[in-house]
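Asks: Residues per chain, in single letters:
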Amino acid sequence: MTTRFTNAADAMAIADAPQAITKVSVIVSKGSLEGIYPALILANGARMEGIEANVFFTFFGMDAINKARHDAIKVATVGNPGLHLATWLGGVPGMSALVTKQMMKAMEKLDIPPIPEFIEMLADSGAKLYACKASVEMFDLSREDFIPQVEGIITVGDFYQMAAGGQILFT
Amino acid sequence: MSSLLSVARNAEGFLERVEDWDRDLAAEMAREVGIPELTYRHWLVVDFMRNTYLATKSAPTIRTLGKESGVPIKELYELFPKGPAKLAAKIAGIPKPKGCI
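Residue numbers (the working numbering), protein chains in the order written: chain B, 30 to 200; chain G, 13 to 113.
Simulated from the structure, these hints should not be mistaken for laboratory data.
Just so we're clear, the structure is a prediction, and the values are computed from it rather than from any experiment.
Please note that a few of the clues may not be correct.
Straight-line distance between alpha carbons at most 27 Å, and here's what the computed DSS-like set of lysine-lysine pairs gives [said to hold, decoys possible]:
#1 G:Lys69 with B:Lys138
#2 G:Lys110 with B:Lys138
#3 G:Lys110 with B:Lys96
#4 G:Lys69 with B:Lys157
#5 B:Lys162 with G:Lys69
#6 B:Lys138 with G:Lys108
#7 B:Lys134 with G:Lys79
#8 G:Lys110 with G:Lys98
#9 B:Lys134 with G:Lys94
#10 G:Lys79 with B:Lys138
#11 G:Lys110 with B:Lys52
#12 B:Lys52 with G:Lys94
Sequences and hints are given; from them, build the entire structure.
Replies: This is the structure:
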């Protein structure tokens, strides 16, 4: 179908209109609670808007889809100035577990699910989950280490192909 | 029977007044967003959405929808492919959900 414009100004106005986002590919590279949640919220928020979403887990971010680990993800209490906690205090045994517990409580109040449930919800919403091949090899992992919702272990090249035409978010 | 032309709506097409809503309007709004016919499963979600809003003054999250509406999350996205929470809220005649989840 061809579109005819009655004048140049109309044609330019249409060309300048912001393009709606139709696809996002989110990279999760960190394995702390505060490193993983933003990515999950972004991907889930995309699906809620009818936007296609891919999530690519790399390095320690793979803990979010690791069967043995995704139930035990903690807030980093050392090297995290945003917590306003003295470094020596952050390193006290049990501190990370305590802060994590408090944060989970605050999130539950907002109806934000724990990570394993959130990942399942994401997969059910149609988001596609992938593990990074280089990281899988580096940590000596295999398909069986991941939850069944993971679509595959893919290369960076595969990731770019899959992300083509959409936005890429690195977290 | 009311018609969409006779009710006030905001720029995104959500009803300005919750009390203007009826089931015919819901069907009309559904057609507008690409759902030709509201099935029994759609109505489960729409009614849950509306009843929750009327009782609590806020729309349920997608997590609550999946757990309590009687329709699991996978099916929610099949019924409302362009976004279950947003579309079901619109069809239910309640304001657009405000949360991020």
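Asks: Look at each hint and say if it fits the structure.
Replies: Against the structure, the hints come out as follows:
| no. | hint | verdict |
| --- | --- | --- |
| 1 | G:Lys69 with B:Lys138 | 16 Å, holds |
| 2 | G:Lys110 with B:Lys138 | 15 Å, holds |
| 3 | G:Lys110 with B:Lys96 | 33 Å, violated |
| 4 | G:Lys69 with B:Lys157 | 33 Å, violated |
| 5 | B:Lys162 with G:Lys69 | 47 Å, violated |
| 6 | B:Lys138 with G:Lys108 | 20 Å, holds |
| 7 | B:Lys134 with G:Lys79 | 19 Å, holds |
| 8 | G:Lys110 with G:Lys98 | 10 Å, holds |
| 9 | B:Lys134 with G:Lys94 | 31 Å, violated |
| 10 | G:Lys79 with B:Lys138 | 16 Å, holds |
| 11 | G:Lys110 with B:Lys52 | 22 Å, holds |
| 12 | B:Lys52 with G:Lys94 | 13 Å, holds |
Hint check: violations occur at hints 3, 4, 5, 9; the rest are consistent with the structure.
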